[in-house]
Every structure is written in C-alpha cells, then in structure tokens.
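Engineer: Next come the chains, spelled out residue by residue.
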Amino acid sequence: MIYIIDHHDSFTQNVVHQFQNFDEVVCTNFNKINQNKLKKADIIVFSPGPGAPKDYPISSEVYKKFKGKKKIIGICLGFQQILHCENGKIIEQKKIYHGFQSKIKVTSKNSLFKRNSQFTVGRYHSLKLKEPFTAKNFEITMRCAISNTAMTIENNKEKIYGFQFHPESFLTENGNLLIKKILSA
Amino acid sequence: MNKKNYLLDLNNSKKPFIIYKSDKGFDLYTDFSKKIILNNNNIEKFINKNNRLRSPHKETDLFIGFFGYEILNNLIEVKIKKQKTINFPKGIFYKPETKIKLSNNLEYNKTRSLNANDLFKININKKSYKKIFDKFKKKIKSGETYQIKICTKYSNKSEINALDFFCRLVKSNMAPEAFMIKDKNYSIISCSPENLITKKKNFITTKPIAGTLKKTKKLNKNKALTFFRKNLKESKEHNMIVDMERNDLSKICKPGSVKILKKKIVEEYKDLYHYVSLIGGQLKNKVTSLEIIKAMMPGGSVIGCPKISTLNLLNKQEKQSRNIYTGSFGYLKFNGDMRFNIIIRAILNFKGRSEISVASGVVIDSNAAHEFDENYIKAKSLMDLYK
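These protein sequence lines map, in sequence, to chains B and R. Take 0 as the starting number for the first sequence in numbering that gives the first Met the number 0 and just add one per residue. Take 0 as the starting number for the second sequence in numbering that gives the first Met the number 0 and just add one per residue.
Please keep in mind that the hints were generated in silico from the structure rather than gathered at the bench. Predicted model only: the values in this text are computed from it and were never measured. Quick reminder that beta carbons are idealized off the backbone N, C-alpha and C, glycines included. Hints may contain errors.
Listed below are several chain R residues computed to face chain B (Cβ distance under 8 Å; list not exhaustive) [as the list claims (entries may be wrong)]:
| # | residue |
| --- | --- |
| 1 | Ile139 |
| 2 | Tyr145 |
| 3 | Gln146 |
| 4 | Met243 |
| 5 | Arg245 |
| 6 | Asn246 |
| 7 | Ser249 |
| 8 | Gly255 |
| 9 | Val257 |
| 10 | Gly299 |
| 11 | Lys306 |
| 12 | Val362 |
Construct the entire structure; sequences and hints are all you get.
Structural biologist: Written out as structure tokens, the structure is:
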C-alpha cells in the first residue's frame with residue numbers, strides 16, 4: 000500500500016490517480032495522518048504543495064522516522080522536503096517555473112535511468128535546491144537541460160527518490176514510466 | 000403562443016423567472032412552486048436530497064439557481080472573516096413548474112426609457128491595485144500561490160429592467176452559459192462563457208477557459224491559436240488550470256478515467272477568442288451531488304492555484320463580499336444530472352444598486368497596469384448597457 004501525504008495542493012489527486020495504476024493508495028492531509036495506516040504502508044509519498052518545507056514540520060518528522068525503513072518518494076514540495084531534512088537549503092529562484100514544460104537530462108551514471116536520456120516534463124516551482132548539496136548516499140541524477148537546476152535525487156541504498164518536476168502533470172511525457180521504475184526499484 | 004408578447008407579459012407581471020442558454024436557444028423557467036434561500040445549515044441537505052428520483056422525469060424536475068462565492072468557500076471549510084456586505088442571500092434555488100423553449104433571437108417589444116443612472120465607481124484604484132498586485136507577486140516568489148486573481152468591483156445606484164438588459168447583452172455578447180434571474184427584490188444578468196460542471200449519468204466534464212483575445216480585423220481562429228501557443232504566459236496559465244481541473248475531477252472520478260478530451264483549442268465568440276480545454280471523467284460509483292459540488296466549486300480557473308491556499312490569500316485581502324461573483328449558477332435535476340457555470344461577466348442588481356465584479360490573473364510575469372486595464376475592458380461591455 001502507498002500512503003500519500005497531501006500538503007493541500009491542487010495537484011495531489013493527480014498524483015493519487017497516477018499511483019493507483021500500480022497499487023492501493025491511501026491519501027490524507029498532512030495534519031490528519033492515520034498513524035496505523037502509515038505504519039502499514041510500504042511506500043510513503045510526499046505530495047506537492049504551496050509554501051516551503053519549513054512550513055511542514057509534521058512531514059519532516061514522518062521522513063525522519065521512516066527514512067531507511069520504507070521507500071520514500073517526494074514530488075515538488077515533497078522533493079524539497081526530503082532535501083530540507085537532509086540539510087539542503089531551499090531557496091527562491093530568479094526565474095519561476097509555473098505550468099512550464101521543459102527538457103531535463105539524466106546526468107548521473109548511478110541513476111535508475113539511462114545516462115544522457117532526456118525527458119519532457121511539467122514544472123510548478125518557485126523554489127529550488129541551493130547547490131552544492133551533499134548528503135550521504137544521495138545523488139542528483141537529473142537536471143534541467145538549460146538551467147542545470149537539480150530535477151531528481153536518488154538514494155538507491157535507502158530507497159529515497161525525489162522529483163522537482165511533476166510526473167503526474169499532463170505536461171510530462173512518460174510520467175507513468177518514471178513512476179513505475181521507481182516503484183519497482 | 001406569441002413568445003414575444005409572452006415575454007412582455009411575463010416581464011410586466013412581476014412574476015419571478017429565469018432564462019438560461021441552451022444548445023439551440025434559451026430555456027425560460029417560471030411558475031416557481033418553491034424558493035429555497037441557502038445558508039450554511041441547509042445547503043448540504045438541499046444538495047443531497049434532490050437526486051433520489053430516477054427517470055422517467057419531467058423537464059421541470061429540477062432546482063435552478065445559484066451558489067454565491069462565500070457559501071462555496073464555507074462548504075469546503077474555507078473561512079471568510081467579516082467583510083463589508085450588502086446582505087444579499089448566499090444562494091437561492093427555485094423549483095419551476097413551467098419551462099418554455101425560446102430561440103436565440105431574444106426579443107420583446109419594449110420602448111426603452113432612458114435611465115438616469117449614476118456613474119460607476121470602482122472599489123480599488125490603480126494605486127491600491129498595484130500594491131495588492133506586488134504583494135501577491137511576492138507570495139508567488141515564495142511559493143504560497145502559483146497564480147491568483149485579483150477582483151475589482153464597479154458599482155452604481157440604479158434601477159434596471161433586467162429583461163431589456165439581458166436581451167441587449169446576448170445580442171452583443173452571446174455566450175454559452177448566459178443566464179438571467181429576475182425576482183421581486185433582485186436581478187442577475189450574465190454572459191458567462193464558462194461551464195464548470197456538465198454531469199449526465201456517470202459522466203462529468205468541465206471546460207475551463209484560460210486565455211482571452213479580443214477580435215481584430217487581422218485576426219482569425221488559426222492566428223489566435225498561434226498567438227496562444229506562442230505566448231508563454233498564456234500557455235503557462237492555461238496549463239496550470241488544466242492540471243488543477245484534472246485534479247478536481249480525480250477526487251470524484253474512477254482512477255485512470257480522467258482525460259483531456261479537447262486540449263488547448265480556440266473557440267470563437269462574437270467579439271473574442273477564448274483558449275479552452277475540455278476535461279472529463281467517469282464518476283466513481285455512489286458519488287453524491289454534494290461530493291461533486293465540493294470537488295469542483297468554487298471553479299478553479301477564476302480563483303488561481305493551488306485552490307485552498309489561494310482562496311485563503313484572497314479572503315484575507317478582500318474587504319467586500321464577492322456575492323455572486325465566481326459562484327456558480329445552474330441546475331440540479333432530480334435524477335442527479337446537473338449543469339453549472341461560473342458566474343463571471345455578471346451584473347447583480349439589488350436594493351437599487353448594481354455591481355459588476357471582474358478579475359484578472361497575477362502570475363509571475365504579469366504586469367499590474369496591464370491587468371488593471373484588462374479588468375476595465377471586461378467590465379465595460381456590461382457598463383455600456385447602462386447608456
């Protein structure tokens with residue numbers, strides 16, 4: 000079972016429908032978490048949402064509690080939430096991407112995806128990861144083909160994955176494929 | 000029956016009536032046997048009790064009316080703190096006993112009397128608009144909202160002949176969701192172009208508009224499409240609304256059934272082109288009317304995105320009640336089918352006062368002066384009716 004923690008976003012139900020292609024999904028608001036179901040979940044997903052990771056201390060607690068014990072996936076704000084918990088700095092960017100379609104590239108040979116392959120993805124983010132960023136077992140594996148902004152992180156040892164873009168958006172081509180690969184990793 | 004005279008008689012009779020755009024013309028509803036004024040205590044019961052009856056049914060087996068903006072916020076547990084209000088009802092629905100089909104050519108014999116109307120006043124001047132605009136731009140930079148629509152309101156003192164206004168409005172601005180309500184103490188006239196919910200049996204669609212272009216001699220439909228596609232700002236705004244509407248439908252539809260049926264097409268109206276998409280899905284079994292309304296309303300394209308945090312930002316900012324503006328008008332049939340629009344491009348006349356609200360969007364690359372002027376253009380076609 001996949002537990003999706005919603006940060007009150009207007010895209011979370013798209014994430015729910017996407018993950019329902021692969022498994023049973025439970026989704027609740029971040030401040031109404033069902034602890035029993037969360038414990039039983041195989042995978043925890045942090046949804047997109049408005050604001051910054053520091054606005055959601057409850058989600059940070061969940062991350063720290065289950066890191067290494069369950070597979071964790073973060074999307075947009077959820078991606079930033081993971082980085083924030085790993086002492087990454089999340090900052091405002093000069094150019095803002097809302098409803099923006101762009102090309103991204105696999106930049107690491109340690110990615111689940113083939114190095115140098117390209118994806119067309121939908122983006123909705125005001126904030127980004129400040130670099131350089133380092134954390135044990137984490138690697139930035141995809142970047143924006145133009146601005147070089149970090150677009151995915153992978154920690155294949157502890158099974159933690161994050162997307163800065165939105166795999167569930169209609170602007171993302173092959174979004175289901177991306178999710179399928181992460182889920183079966 | 001001579002429909003021209005019928006309309007004239009109806010209008011003179013002071014009997015309440017409603018006219019709503021249909022596929023081929025207009026439908027007129029009257030002889031109301033019930034009138035329900037909505038409040039936070041009766042709304043849920045009202046919505047859910049009216050979809051028990053299965054077919055066969057009569058054409059008048061429905062409730063027709065509107066939900067105001069505030070009650071739709073409250074329905075999804077978004078609070079609005081005390082605002083300046085004219086005490087207009089939060090929502091009203093009627094049970095008609097008569098339905099009459101009218102043609103697109105709405106006319107009735109009336110010699111127009113010149114109204115000595117007051118000039119329209121705006122509630123936010125350009126300077127304060129710019130201030131709000133800059134404040135919201137900061138909220139976009141910090142990620143609290145991705146797109147937000149600032150509402151401005153024009154009002155004046157006036158008594159209007161609603162039917163006369165509506166006939167003239169649809170002559171110059173025919174719109175697929177146009178409607179009017181005339182009751183004893185208020186009237187509403189709207190040329191809304193936007194359908195929020197069309198539900199027939201288990202299938203539901205929504206048709207958001209994001210992107211409007213005024214017609215010129217040099218422009219045609221293809222050129223309008225090229226304009227929208229090349230214009231990054233319009234495209235981004237539209238994309239956001241498409242994903243948000245997919246999201247709202249996904250709350251009540253079967254997984255995997257939500258599809259974009261028409262993706263970013265141009266529709267042509269008398270004076271303008273709209274950039275629209277059509278999104279639909281198969282409803283989950285046993286979804287109630289209340290769940291559908293809570294999932295879809297208030298309509299996202301006129302609010303901004305993400306819905307809840309953006310509503311909260313708007314409600315903190317706005318000092319005056321929106322009343323009907325960005326609420327929804329339409330009908331709930333007794334068999335569970337429904338059709339609702341988004342109330343925009345509308346006049347509310349109540350207690351000898353008319354108000355026209357308009358809004359335009361703030362995204363990261365919009366410009367305050369341009370959006371302020373855009374708002375004026377949107378209001379102008381309605382204000383022109385007072386001349």
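Engineer: What are the numbers of the hints that this structure violates, sorted from low to high?
Structural biologist: Of the numbered hints given earlier, the structure breaks none, since each of them holds.
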